[in-house]
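Just so you know, the protein sequences line up as chains A and B, in that order.
Residue 215 in our numbering sits at position 215 of the first sequence, with consecutive numbering throughout.
With the second sequence counted from 1, adding 249 to any position gets you our numbering.
One or more hints might be untrue.
Claimed, not checked - What the simulated footprint calls covered on chain A by chain B, stretch by stretch (three residues with Cβ under 8 Å from a Cβ of chain B suffice, anywhere in the stretch; the number is not a length): (1) 44-51; (2) 96-109; (3) 197-205.
As the list claims (entries may be wrong) - Label-pair distances were calculated between CB atoms; the ranges are: (4) A/75 - B/510: 19 to 25 Å; (5) B/411 - A/19: 28 to 34 Å; (6) B/432 - A/11: 51 to 57 Å; (7) A/241 - B/411: 35 to 41 Å; (8) B/474 - A/109: 57 to 63 Å; (9) B/264 - A/19: 29 to 35 Å; (10) B/264 - A/72: 52 to 58 Å; (11) B/278 - A/75: 41 to 47 Å; (12) B/572 - A/120: 55 to 61 Å.
Read the hints as simulated data drawn from the structure, not as lab findings.
Virtual Cβ for every residue (Gly too), placed ideally from N, Cα, C.
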Amino acid sequence: MIQVSGLSFSYGSRPVLHDVSFSLSPGQLMGVLGNNGAGKSTLITCLNRIRTPCAGSVSIDGQNVLSLSRLEAARQISYVGQSSVPSQMTVFDCVLLGRRPYLKWSVTQDDLSLCQSVLRQTGLEPLQLRPLNQLSGGELQKAMLARALVQQPKLLLLDEPTSSLDPRNQHEVMELIRQLVSQRNIAGLIVIHDLNLALRYCSHFLLLRDGRVYACGGPEVLTGDAIFQVYGIHGKVLTVDGQSVALFA
Amino acid sequence: MTKPAVCAEYRNYIRKKWLALLALAVFLLVSCVLSACAGSSGLSPREILLALFGLGGDTSRTIVWNVRIPRIATGAAVGAALALAGCVMQNVLRNPLASASTLGVSQGASFGAAVAIVYLGGGVSLAGSSAGSITVTNPYLVTLCAFLGGIATTAIILLLSRMAGASPSTLILAGVAISSLFTGATTLIQYFCDDVTVSTIVYWTFGSLGRTNGREIALIALLCAAAFLYFFANRWNYNALEGGASTATSLGVSVPVLVLVSLSVCALIASVSVAFVGCINFIGLLAPHIARRAVGSDHRFLLPAAPLVGACLMLWADMVSRTIAAPTVLPIGALTSFLGAPLFLYLIVKRRAAP
């Protein structure tokens with residue numbers, strides 16, 4: 001169980017997050033929604049200690065993550081950033097890097113086997129020796145996802161992982177995320193701008209407005225009023241062929 | 250969960266990296282032997298080999314053990330140190346143009362060493378000796394002052410790299426400015442010196458592998474070995490940094506500490522090299538790029554490969570400097586600049602052309 005309580009963060013004297021609290025269970029994928037500047041990415045980076053919150057706590061199974069060393073925190077939480085830096089590193093080596101929080105002096109057979117297993121699961125096995133800078137956008141995001149998975153996290157943080165992808169790759173990556181979160185029974189927190197993608201793949205939603213939690217819960221929290229309050233535009237959520245879709249005026 | 254066997258393809262890939270490293274090590278060995286044979290004394294390879302094992306005539310033994318071996322050891326150690334520093338600087342500053350010479354660290358160290366030699370009694374100029382050579386009488390003082398000069402430059406670079414919007418080009422331009430500052434300061438020192446001291450400083454800044462003694466070579470080699478161990482222990486951290494600071498932090502790397510300590514160690518080994526052999530430009534820039542071509546950007550292999558390439562480059566540059574206009578020995582610093590400047594321009598053009 002992931003429990004975030006009273007989390008606050010400021011950039012200098014400018015407060016960005018105010019008293020953010022929510023909880024998330026293993027196997028759930030929560031979409032973090034809100035306008036630009038609402039504090040979505042800041043929230044994600046506070047959770048994995050890229051930024052240090054001013055106040056509040058983040059606990060995983062009762063253990064306060066903010067009191068752990070960086071290495072210990074990296075064994076609990078993994079992160080896929082907004083933009084991946086494609087280097088000459090091969091896909092396999094990139095995924096193997098996810099074992100860094102566990103590595104002593106050298107790589108073990110177990111590390112290699114785990115990487116191979118995740119590569120197979122993410123469909124990247126045929127590309128494992130290809131340099132990252134020769135991958136398509138979708139393949140690159142899958143490689144980053146695979147690297148995050150071999151960290152064997154309890155919480156997977158994703159910051160707009162589909163923002164630079166075409167619709168087909170967006171759906172492929174989101175479907176993969178949903179499957180992995182469910183199969184591996186880990187909690188997933190994803191910052192996402194596309195409401196329809198979020199409605200289709202996320203089980204829970206955290207709506208942020210001006211750094212505060214506006215609403216948190218299942219799909220029922222995404223109402224026309226909530227959309228107006230969070231995004232400032234009129235919209236509504238309809239059900240079409242059993243699938244929730246958001247329409248905007 | 251059943252553990253699948255790791256495919257032979259990846260194992261072959263890793264084996265090829267090890268073979269590439271082995272090839273580089275063999276090439277370095279060959280370069281050492283060729284360097285021992287190269288020179289104006291006209292010794293045959295047989296005489297060189299005999300002298301290496303303590304056999305043959307006194308002259309050949311003296312030339313091999315007192316002139317050539319120290320020169321080879323200095324070249325290999327300095328080349329390795331500069332390449333190692335360049336390799337790590339390029340990673341932690343995420344700038345392929347970074348090296349001790351392009352960022353002004355060498356020039357800062359050079360200024361520090363000049364201050365120690367001229368004002369603090371760290372060196373004595375030997376007037377009347379060939380080419381106005383200089384002997385470093387207090388290597389520790391010279392090294393300390395060179396390090397202070399190098400670390401001051403590193404601090405400025407570090408501050409600039411932290412500033413919002415400091416692009417790779419900004420850092421290089423800052424390096425040009427810092428180099429100019431320290432070159433100007435060294436010129437001022439020369440202006441107030443007597444003729445002999447000026448000539449010795451000028452000769453010293455040309456760069457030479459032929460003026461180090463065993464104690465100095467041991468100091469460079471030991472520091473280089475210690476730095477390598479520190480860098481190699483952090484090889485996974487450098488790989489993590491390839492993906493950006495946020496990714497590295499999320500993988501458990503304490504990025505500010507890593508950057509600070511790494512750059513300080515780079516400044517130390519680059520400064521010590523400069524203190525004893527003068528400014529050797531571009532080896533630190535060239536060697537990591539050549540090593541990347543050979544073994545890729547994985548620091549498990551790149552960190553051992555870069556110093557091997559750096560050592561080879563230095564030995565070949567030294568061989569050319571000793572033989573191209575024999576018996577005159579050309580300044581190796583000028584030669585490495587001739588070698589490195591075109592590559593530097595190529596990298597700038599390549600970066601401009603990149604999408």
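Right, here's what the structure says about each hint:
Counting residues of the stretch 44-51 of chain A whose CB lies closer than 8 Å to any CB of chain B gives 4, which reaches the minimum of 3, so the coverage claim holds. For a cut-off of 8 Å, the count of residues in the stretch 96-109 of chain A with a CB near a CB of chain B stands at 6, and the three-residue condition holds. Requiring three or more residues with a Cβ within less than 8 Å of a Cβ of chain B, the coverage given for the stretch 197-205 of chain A is violated, as only 0 such residues are present. A C-beta distance of roughly 23 Å is found between residue 75 of chain A and residue 510 of chain B, which places it inside the suggested range of 19 to 25 Å.
The beta-carbon spacing between residue 411 of chain B and residue 19 of chain A, approximately 31 Å, falls within the hinted interval of 28 to 34 Å. Range check, residue 432 of chain B to residue 11 of chain A: Cβ separation about 40 Å, and the 51 to 57 Å hint is violated. Remark: the range hint 35 to 41 Å for residue 241 of chain A to residue 411 of chain B is contradicted by a beta-carbon distance near 53 Å. Between residue 474 of chain B and residue 109 of chain A the C-beta distance comes to about 30 Å, which lies outside the given range of 57 to 63 Å.
A hinted range of 29 to 35 Å is violated for the C-beta pair residue 264 of chain B and residue 19 of chain A, which are about 55 Å apart. A hinted range of 52 to 58 Å for the beta carbons of residue 264 of chain B and residue 72 of chain A is inconsistent with their spacing of about 34 Å. Checked against the hint of 41 to 47 Å, the C-beta distance between residue 278 of chain B and residue 75 of chain A comes to roughly 43 Å, which is consistent with it. Between residue 572 of chain B and residue 120 of chain A the CB atoms are about 56 Å apart, so this pair conforms to the stated range of 55 to 61 Å.
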